[in-house]
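So that you can map any letter, position 80 of the sequence shown is 529 in our numbering, and since no number is skipped, the others follow by simple counting.
The set of hints was computed from the structure by calculation and includes no laboratory data. Please read all numbers here as calculations on a predicted model, not as lab measurements. Some clues are possibly wrong.
Said to hold, decoys possible - The calculated label-pair distances, taken between Cβ atoms and stated as ranges, are: (1) V820 - L858: 54 to 64 Å; (2) E579 - H883: 49 to 59 Å; (3) D745 - E591: 51 to 61 Å; (4) D710 - Q479: 21 to 31 Å.
Claimed, not checked - Computed cross-link-like contacts, EDC-like style, restricted to lysine to aspartate or glutamate with a CA-CA straight-line distance of at most 16 Å: (5) K811 - E795; (6) K811 - D830; (7) K603 - E569; (8) K603 - E748; (9) K818 - E805; (10) K811 - D739; (11) K811 - E736; (12) K603 - E634; (13) K603 - E591.
Beta carbons: idealized from backbone N, C-alpha and C, even for Gly.
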Amino acid sequence: MTPTDTIPLLSVCDLSIAFSRDRMKAAVLQGLSFDLAVGETLAIVGESGSGKTVSVMSLLQLLPGNSATVSGRALFRGEDLLTASESRITQVRGAEISMIFQEPMTSLNPVLTIGRQITEVIVAHQRTSESEAIRQAVRMLERVRISDPRRRMKQYPHQLSGGMRQRVMIAMALACRPRILIADEPTTALDVTVQAQVLDLIRDLKSDFGTGVILITHDMGVVAEMADRVVVLRAGQKVEEGSVADVFSRPQATYTRTLLDAVPRLGDSLIVFPREEPKRRAEPTVEVRDLSVRFDVREGVFRRLTGRVHAVDGVSFSIASGETLGLVGESGSGKSTTGRALIRLEEAWSGTIIIEGHNIAKLDRRAMKPVRRLAQMIFQDPFASLNPRIEAGAQVAAPLAIHHVGAALERRERAADLFRRVGLSTEMLTRFPHEFSGGQRQRLCIARALALNPRLIVADEAVSALDVTIQGQVVALMRELQQELGLSYLFISHDIAVVERIAHRIAVMYLGRIVEIGPCAEVLRNPQHPYTRRLLEAVPVADPGRARTRRKVEDGELRSPIRALDWSSPPASYMEAGSGHLVAVES
C-alpha cells in the first residue's frame, strides 16, 4: 500500500487539550487537525512544551482523566478514539496502535524481566502460546540489534544501558505489527548506527504491512530521512504543514526557519564554530594510560562466576587545559564507563588516571574527596540527577556545603552568581526542578558542576535529549565557559554533529577500545578506520534529497563484550595517519 490511498487511516479534527490546576484551565493544544494515510509517515515537530506528545497520548486516552479536558475527533477506521470505551481502547493499545515512549526507564516495569514484558504484549493480543511468544520476542530483539537476546530476556531494565532499554521499547511496540505506530522521540538515546538500523526497521514495517507512522522528534535529520509530511507546532498551535520537501526547501513560518537553522550539520560546524587550539601546558589536565574496567558475570542459583565483561580495554588518552575531547561510539562501546571511571564512579580494573598531577586510580575514599573538587560530571538526564524535593539554589550550592567551602550566606551568593553565569535568573533560586524546562534543568546541572571551580568536566550525553535550539544554546554556553575558565571537557555523545561543534579532538570507541583518535577535522574529513567510516555514513542528514539516498546500514555481526575468566587481550597498536591522528591496527 502507498500513502496515496484516498481514505485516511487516521483523521484528527480540531483536537484541543487543556489541563486543570487550582481551578484554572491552561490550554496546551488548540484546534489541531491532520490526516494519516496508510503507509504514510507524518512527523510532528516543535520545541518542548509545543504539545507534540500530549496530542498523540490523547489518541490512546493516556492523559489523566481528572485533570485533562480533551475535545475534537480522532477517527481510526471510522471509530472515534477519543470517545471509545475503556475495554475497546485497551484492545486498540499495543495491537492496532502502538507507541514508543521517549523515556524507556519510566516506561518499563522495573520488577519484571525484559522477556516477561515483551511476551506479555504478544500473548495478550495474539492469543499465542508462551513458547511461541518467547520465540517472537527473541526475534524482535535480534531485529533491533540487541546482543545475546536470550540472555537479555532474563535481565531487568536497570541491567541495560539507556540505548538498549530504548531498543527493548521499540521491539515491544513492533511485536504485534500495529496498523499505526506512534514514535515519541524513538531514537533520542540511540547511537547513529543503531538509530539508522531502527529507522530502517520502521521503514521495512511500514512497507510490509502498510503501517502508518506518527513520528515525534526534535531531530530534523530523522524527519528529512523518514517523513512524507510534516506538522510544525509552536505553543500548542499548528504553524505550518506540508510535504517534507516543501517544508525543508521553502519554509513559510519564521518559527520553522528558526528550527531548521538550529540543526547541527556535519561538516559545517568547523566553519561556523572555528576552534582555537588550547594553550598546552607541560602537563595535561588529564592523562589516562591503559585504563581497563571489567564487570563480573555471575549465573545460576549460586551466582557462580562464569566470565567478565571487558567494558573498557586498555584505553589511553590525554586532555589539555582548555581542550575538549569528544568520545563517540555505539551504545555498549564503553564511552560512559570510561567517563565514570575517570571520576571514580566506576572502579578501574587496571591502569593509571592522572588529574592535575594526582594519580587517582588507587586513592581511598578519604584521599579521593579533595581530588573530586577537580573533576565534576554532567549527566544525560538532568531531571533524574536533580533532587525533586530540594530548591534549585540549594542543589547548586550543595557541592560547596559537602566540601565545607564558605559560610551559608557565601554559598548562596555563589549559587546566585552561578545562576547568572549559566543564563538563569536569580529569581529561580527558590524554584524546584519540575518548575524548569529541560534546557533550564541542564543549565542547573552545569551550574552545579561549576560550583567547586573544577579543572575537568565529564559531560555524558549532556544535550542528547534537548531540542535543537536549546541544544545549540547549551553547547554555546559550554564553549563560552571553557574559554573563560580554561575548563577541560570529556564530551561523550552519540551525536557526531554536536561533537563537531565543541570538540578539538575526537576519539572513536568500539568494544571498549579506542580505534581512532585525532584532531576533529582530520578524523571527520579523513576517517581511516572502517568503524569510524560506518559511524559517519549513518549520521542522519537534514536534507530530504540527500537523506533519501543514504546507504542502508548493515547490521553486521554483533560481538559480545563478555570474555572467559582467563582471557586476555593483546595490547592495542596504532599507526599514524596524520599529525596527531592515530588509527588502531587490527591484530
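Hint-by-hint comparison with the structure:
In this structure the hint that V820 and L858 lie 54 to 64 Å apart at CB is violated, the actual value being about 27 Å. For the hinted restraint 49 to 59 Å between E579 and H883, the CB-CB distance of approximately 41 Å leaves it violated. Between D745 and E591 the CB atoms are about 26 Å apart, so this pair departs from the stated range of 51 to 61 Å. Distance hint check for D710 and Q479: the Cβ-Cβ separation is about 26 Å, which falls inside the suggested range of 21 to 31 Å.
The straight-line distance between the Cα atoms of K811 and E795 is roughly 12 Å, inside the 16 Å bound, and the hint therefore holds. The suggested pairing of K811 with D830 is violated, with an alpha-carbon distance near 29 Å, which exceeds 16 Å. With a C-alpha separation of about 14 Å, the suggested pair K603 and E569 falls inside the 16 Å cut-off, and the hint holds. Taking the CA atoms of K603 and E748, the gap is about 11 Å. The hint holds against a cut of 16 Å.
Distance hint between K818 and E805 is fulfilled; the C-alpha atoms sit about 14 Å from each other, no more than 16 Å. Our distance criterion of 16 Å between C-alpha atoms is met by K811 and D739, whose separation comes to about 14 Å. At most 16 Å may separate the alpha-carbon atoms for a hinted pair to count; K811 and E736 meet this at roughly 15 Å. For the proposed pair K603 and E634, the alpha carbon gap of about 26 Å is over 16 Å, so the pair is violated.
This hinted pair checks out: K603 and E591 have alpha carbons roughly 15 Å apart, not beyond 16 Å.
In this structure, the hints that do not hold are numbers 1, 2, 3, 6 and 12, in rising order.
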